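Based on the provided sequences and hints, a complete structural model is requested.
Chains as they are written, first to last, in the working numbering: chain V, 1 to 311; chain E, 1 to 145.
Derived from the structure by calculation, the hints contain no laboratory data. It cannot be assumed that every hint is accurate.
Dumping the calculated PhoX-like pairs for lysine-lysine here, alpha-carbon to alpha-carbon at most 25 Å [to be verified]:
| no. | chain 1 | residue 1 | chain 2 | residue 2 |
| --- | --- | --- | --- | --- |
| 1 | E | Lys6 | V | Lys145 |
| 2 | V | Lys145 | E | Lys2 |
| 3 | V | Lys145 | E | Lys139 |
Given the structure is predicted, the values throughout are model-derived calculations rather than measurements.
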Amino acid sequence: MSVVISDELRDLLLKLVPERLDALLEHYAKPLPEAFRVNTLKTSVERCLQLLEEDGVMPRPIPWTRHGFYAEPQGVVSTSLWHLLGLVYIQGPVSMVVSETLEVMPGHRVLDLCAAPGSKSTHIAQMLEGRGLLVANDVSRTRVKALSSNLQRCGVVNVVVTLADGRWFGNRVPNFFDRVLVDAPCSSLGIGMRDWGVLKNYSQKISRRMSRLQRSLIFSGFKALRPGGIMVYATCTLHPLENEWVVAGLLEKSANASLVEVGPLSVEHDHGLEEWEGIFFGSEMRKTVRIYPFQSGAEGFFIAKIRKEES
Amino acid sequence: MKLMEKDEVESFIHELERHLKAVVEFEGLLLKVGDERIRLVPVEVYEASRAFPGVQHMGLYVAKWRRYPALTIEGCMYLRSVDSSAVVELDREQAMKWMRGGPVEVGNRGRLVVGAYKGFYLGSAVVDRMGRAYPQIPKWRRIPE
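As structure tokens, this is what we get:
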């Protein structure tokens, strides 16, 4: 079976990656590789790999992550006892890059503004090593339940789970966090292989609607960030309106916001776009990255790293 | 969510240590959620939480305290030394049964035991007079039958 994409998506991709459209469609047609992260809050990498190998899993390191592995054969890790006990977390290989970009250190105060179902929150908790504070927020009551279960399974103790509209969070707790992650809801074009319906039903209207929400979230996240702190804005989509345009809006309206180079990354990637359909984002936008599915062999992501200057 | 009083914490830990013949070191505050659930939260996290909107919960669910105190899988992370008589070493089949909610035949032991598989604790279980252990695994965490 081949992937069916909407006309509007075809138009978008032809402008975005004209020479690489076939490669992208080919990756949309393939399932995502199963990958997992070893939860070092509960075990060591060596011990975990040994246990998985005893269960017949052949883990292969993901070259661009610290604790990430591809799992072969597929389906064994996710149904294993070790997954249930929280020794491993099933997570996409590129998704792990997003939390690593945040450069969390033990003792930091970290906000994950759109946290459910918790893959990046549990990763952040792992980097905090039980010290400092993690606030895992989401707007959906149902999704907060999944988030809570995953945090529990991973043994995260230094966490507060909140159910709040992320657009207002920054007003309530301004200048508080050392690190803020805004992994914004998006049109999900980077993970279209998970649900072909996304590709078939895509229209530009979705991106326009999402970008308004994303702008509110990035401003809120930035407000919650303390001066000197770092915020990562990420989406798993490709449309510039949901990525560069959102970041450019923040940079334009906040004099104390500046982009920091993402990386160095060992996963193949493109730089962010400086211009899209007559809208100029500036050369600074080259500090952001676009990782396409045909580059990672997995998900597609946009990642921007932003610093809040001291004054 | 309410902070447990000092004497209540002492009594809870005493009960745990008496049944499991263990040393339990909870580093932080213990909060009671509802009548039975106990969560562990670091002091700094508890204090900071007052500033946040829409707090659902905080910290880690470590135990349930009904007639007997029962440690969750994560609660067992705070066990420092446990008498071997209170630990049931499980084989793979028993561990899977344990994670389905049991019961698991453990023979004559105390009323409370901790299950262990390949060096990892699987939470505590109440043992009946017939020597069957009933693990305190929440439904969402059980392996489906």
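Hint check:
Distance check on the hinted pair: Lys6/E and Lys145/V sit about 30 Å apart at the alpha-carbon level, beyond 25 Å; violated. Proximity of Lys145/V to Lys2/E is assessed by CA-CA distance (about 20 Å); at most 25 Å being required, the pair is judged to hold. For the suggested pair Lys145/V and Lys139/E, the alpha carbons sit about 14 Å apart, so the restraint of at most 25 Å is met.
When held up to the earlier numbered hints, the structure conflicts with hint 1 and nothing else.
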